[in-house]
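Colleague: All chains should be built: construct the whole structure from the sequences, respecting the hints.
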Amino acid sequence: MEKLNVVVIGGGPGGYVAAIKAAHLGLTVGLVEKDALGGTCLNRGCIPTKALVKSAEVWRELNHAADFGFHTGELSVDFSQVLSRKNRIVTALVGGIEQLVKSNKIKLYKGLGRVEEQGKVMVLQASGRKEVVETDNIIIATGSVPARPPIPGMDLPGVITSDEALETEQLPERVVIIGGGVIGMEFASIYNSFGVKVTVVEMLPGILPNIDEEFPRRAVPLFKRAGMEIITKAAVKEIRQAEGGLLVLIDDGKGVKELPCEQVLVSTGRRPNLEGIDVQKLGLKVERGALVVNEKMETGIPGVFAIGDATGGIMLAHVASAEGTVAAENCARKDNSMDYRAVPNCIFTYPEIAGVGLTEQEAKAQGIPYKVSKFPFTANGKALTIGENTGTVKLIAHAETGVVLGGHIMGPHATDLIHELVLAVKKGLSGEDIAHTIHAHPTLSEALLEAAEGLVGRPIHLA
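Letter by letter, the sequence shown follows residues 134 to 596 of the working numbering.
Hints were generated in silico from the structure; no laboratory data involved. Mixed in with the good hints there might be a few duds.
Listed next, the in silico BS3-like pairs over lysine-lysine satisfying Cα-Cα at most 27 angstroms (straight line) [stated by the list, open to error]: (1) LYS253 with LYS390; (2) LYS515 with LYS497; (3) LYS387 with LYS187; (4) LYS497 with LYS418; (5) LYS357 with LYS390; (6) LYS263 with LYS136; (7) LYS235 with LYS559; (8) LYS515 with LYS357; (9) LYS330 with LYS357.
It should be emphasised that the depicted structure is a prediction, and the values quoted were computed from it without experimental measurement.
Modeller: Okay, here's the thing in structure tokens:
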């Protein structure tokens, strides 16, 4: 029986990063994956959706070519080709991870990893063959699966999750999206850009919870102006088969309404996937279906760690990767801990939204004396030149020390710009530190400079 230092179960952004980091630290490593390397993020999530986001962006620009002085003929979209491009990108990146695993001398086991006792991982291959691997440490990185609420009609043809949406070659004329969170709104923006009539149904009072409340409030009118219908405080009661498609029955507190459509996209979040992990036999602590860990990613069972969505924490790929690094370092006795104070949250709607650190609501609830500075992209030269001047930069700083507590952006390339503010929050920089840092002109990043100027005085380019 083979003996390794570490076996990682799950080859997603948490698992494969943990395996590579462990190999870099001189450990002998095994990686178990039943599907393609890269996990949900690469194969059915982050990367394929961003490929569609880019195609949607190009389609929007083509339809506004006249604004830039170009006159085009009749335009059409071949969505099967859009998906082909997405598939080529995914295939290339999966191949890249396979090469990384190979070059780092990580032993790859193809199959379902099962853990029933400490120090042993059983790999069940598709052929039915079983292989047992002994190991000093186990890192559970089994990810998550789409949550499907108990709504009558969920099993009807045309009712899909984000997994199936990424493989549907024919765009529907009308789609109802159940759930106004990040995944739901990203797909809403993609479909809307391609001319699909989109209706979003959200049970909560507003869409995009857990971000600074100002930004969903600003975004909703923009989404509606683009043609989306957004219904909040509404519960989906049933999905029925109807002539020509489906019928979604909702209750918005004023009675039951019917929403006809060709397709229903269920986007009500994700739940931890613990398939193959015998939590009772191992004695692992579970809360709300997720593995409980400490800041070192330890489960409480010596030599057993858990990371990523399986822990039910912040379900973001970059968080899983960071947790994987911490777990690997602790397997190598490096004694590292997770720090969640500066986690960027990126939403690839149109316009993009990103944030880090405290929201204004959180600062207020915690009784922290704070001040706010904002700067609009309408006053940013680069934003005007690229034809994307909708949005705002918002900085939240401690009223006494000036330290940046949080930063939030809605507008062009928000998901790229946010990282200057991630560093500011991580390192405890002040608004003055940012304001006294030269930013190149003309760039979108000058909007951050101007917002920082507002924390120490007044923005230069705002009357």
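Colleague: CA of LYS387 to CA of LYS187, is that 27 angstroms or under?
Modeller: violated (39 angstroms)
Colleague: Take a quick look at whether LYS515 and LYS357 sit within 27 angstroms of each other, Cα to Cα.
Modeller: holds (26 angstroms)
Colleague: Hinted pair, alpha-carbon criterion (27 angstroms max): LYS235, LYS559. Please report holds or violated.
Modeller: violated (34 angstroms)
Colleague: Is LYS497 within 27 angstroms of LYS418, Cα to Cα?
Modeller: violated (34 angstroms)
Colleague: Next pair to validate is LYS330 with LYS357; report whether the Cα-Cα distance is within 27 angstroms.
Modeller: Given pair LYS330, LYS357 holds - Cα atoms ~11 angstroms apart, limit 27 angstroms.
Colleague: Does LYS136 lie within 27 angstroms of LYS263 when you go C-alpha to C-alpha?
Modeller: Distance of about 16 angstroms is within 27 angstroms: holds.
Colleague: Taking only the CA atoms, is the gap from LYS357 to LYS390 under or equal to 27 angstroms?
Modeller: holds (19 angstroms)
Colleague: Do the alpha carbons of LYS515 and LYS497 lie within 27 angstroms of each other, as the hint requires?
Modeller: violated (33 angstroms)
Colleague: Given the hint that LYS253 pairs with LYS390, does the C-alpha gap stay at or below 27 angstroms?
Modeller: violated (54 angstroms)
Checked against the numbered hints above, the structure violates hints 1, 2, 3, 4 and 7; every other hint is satisfied.
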